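Peer 1: From just these sequences and the hints, can you work out the full model?
Sequence order for the protein chains is A and B.
Here the first sequence stands for residues 1 to 302, where the numbers follow the numbering used here.
Here the second sequence stands for residues 1001 to 1345, where the numbers follow the numbering used here.
To be clear, the hints were calculated from the coordinates, so they are not data collected in a lab.
Since we're looking at a predicted model, the values are computed, not measured.
Where hints are given, some of them may not hold.
Said to hold, decoys possible - Okay, the calculated bits of chain A under chain B, using three or more residues with CB under 8 Å as the criterion:
1. 17-30
2. 36-48
3. 154-167
4. 181-192
For every residue, glycine included, the Cβ atom is placed at its ideal position computed from N, Cα and C.
Spelled out, the chains give:
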Amino acid sequence: MTTPTRLRPTFRPAESLVSVFFCGPAVVLYLGFVVLPAVMGFAYSLRNWTGWSLDAEFVGLANFAELLRDERLAQAIRFTVFETVLIVLAFALGAMVLAVLLDRARRMRALLQGLFFYPYVLSVLVSALLFQYLANYREGLVNVLLRAAGLESWAQDWMGDPALVGYFIFALVAWTGLGFFTTLYMANLQAIPVEYYEAAQLDGAGPVSVFRNVQFPMLRPALTVNSVLATITGLNLFSHIMVTTQGGPGYRTMTIGYYVYWQGVLNNRQGYSAALSLVVFVAVALVAIVQVALLRRRTVDL
Amino acid sequence: MRGLGANRGQRSAPAGRTDDTEGTPSPRVRGAKSGAPPAPLSLGRGAGGGGAGGSVATLVSGRKRRARTSGGKRRWATLPLEVALLVLGAIFVAPCVLALLNTFKTLHEIIESPLAPPKYLNLDNLEYLFASVKLLAPMRNSVLMCVAVIGSLITLAPMAAYSIVRRRMATGRFLELAFLAGLTVPFQIIIVPLLQEFRLLGIQFTYFSLWLHYVSWGLPLCIFIYSRFLSTIPKELEEAAAIDGCGPIATFWRIVFPLLKPCTATVIIFWGLWIWNDFVQAYVFMGSMRGQLAFVQLWRFLSDQYVKNWNYIFAGVVVLSAPVTILYLVMQRSFVKGLTAGAYR
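Peer 2: Structure, rendered in structure tokens:
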């Protein structure tokens, strides 16, 4: 910054005007269509507002108090936590195993990785439709194959059975995101110095030992990022629900994210929905911060 | 992935090595990319590589040596693993292949023998999609929307990032934080207030309102990506231009903007894919009645059907995924890079 300072030592109004030209449009759009609605949304958490009428009665913290008594919300929280646990296991650990295996492959690595990454470039609607086909009770591929193999009794209504639909949603999310998280791990794996592998080889370490003593400790940065991202993915689960079960059967697959949308947009209780999303927003941020802190502290110095 | 594999050695190279296909100006950005917590990585590398220039050669040749000395027997040692992974990967993408096959079959054939290849190239489903569902116009609209949004993002975001990073504004730091905060706003909370706002402006359920939403929603991440990139490129060029009498705006467009090309490529891929594939936001802001973007149209058509016409579902899925798939096959590396760029925010 030294040269420009020397060239233009004094304050010039024209300079500020140029700065406004540079960031003005972005700031205006951002303020008008992100900040303003967000602030409005949060402000309405203190009101009883349908979202469409102009009058919104001030109710203080009543919306927040109601959150505590909301049975449907409790159910949504349970379901969301269940999904999040599965998703974190798949994306933080499953993806790690896959990445380590892919890293060991010498041939066709681009092809292999490309295969696993591919679902990630598809639209949520596409993967949802494909999975709805696989899971369909009468005509779906899974059941057709099971019946063809003589396992008629194994055929299930994967999407309609309240006991199974959670795993259906999980399979859909996992299929979409696995390649993405694997890629993040692979980038990290390739940053491990070869010397470590060579040292391990000299010590006669097998693949399992290499994984435990070299790769796993060195993968901590990616593990941190991936588990935080996976947790956020799980806790904010929304679009996958919207394009498949829409909370059903009954309210079985209502996630917190979808419940916010359902209350605010479909049930016309925007004030209540705003209070809920404010709480969720803070909670997710806290979980992420705690997670980063915990995982970072355990970083190993080799 | 080939790209990252080739980078193994270069990754630990001391500054100055640029990999042109890689795009980002080498190690610093990569370091920043591979971690919210970059410390453990660089620490490990420093300790292992012994630092300094010599380590590059050792690393690269070490890698090669490992591969070369492993000899004939070793070279085949990983073959079972590779085959197993290939089978696994094939199963993984099998639903997509199945969709492609079933696009050319009748509903009856799909239900009776889902795995059989089509008997002949039956184009009825595709014809129905284009003739009766009229999928072509929505696809064109989606492309136009992509162009409009990306065009706005790749002009507004670098300009804002430039003013934040380079121009000595009193509000620069504040603006940076304000935009960063935008990354944490949950989508659900802005839906209804934003719809309300659009209604007051008289633009509810229009392409313009959706464009406004896409651009303003995309700006924070784009500005973040551009600022991070900008702070890694030296400012001597700009200073030279300033000395030669180039005004600030001309300096930006002629000197800085071309330097940001790799970043712009990332933004184009990321948002192009996002907007083309988007269903949820388009559905919310354009409504199901007026929504004429590709995936909204498909959704509308499918939800009007009382039975599951898998043949149309598969055909629709294939048609709308085809552009993305073709681009992905052609430039897998750029896709992977562009899509993972937003991960470490």
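Peer 1: May I ask which of the numbered hints given earlier this structure violates, with the numbers listed in increasing order?
Peer 2: 3
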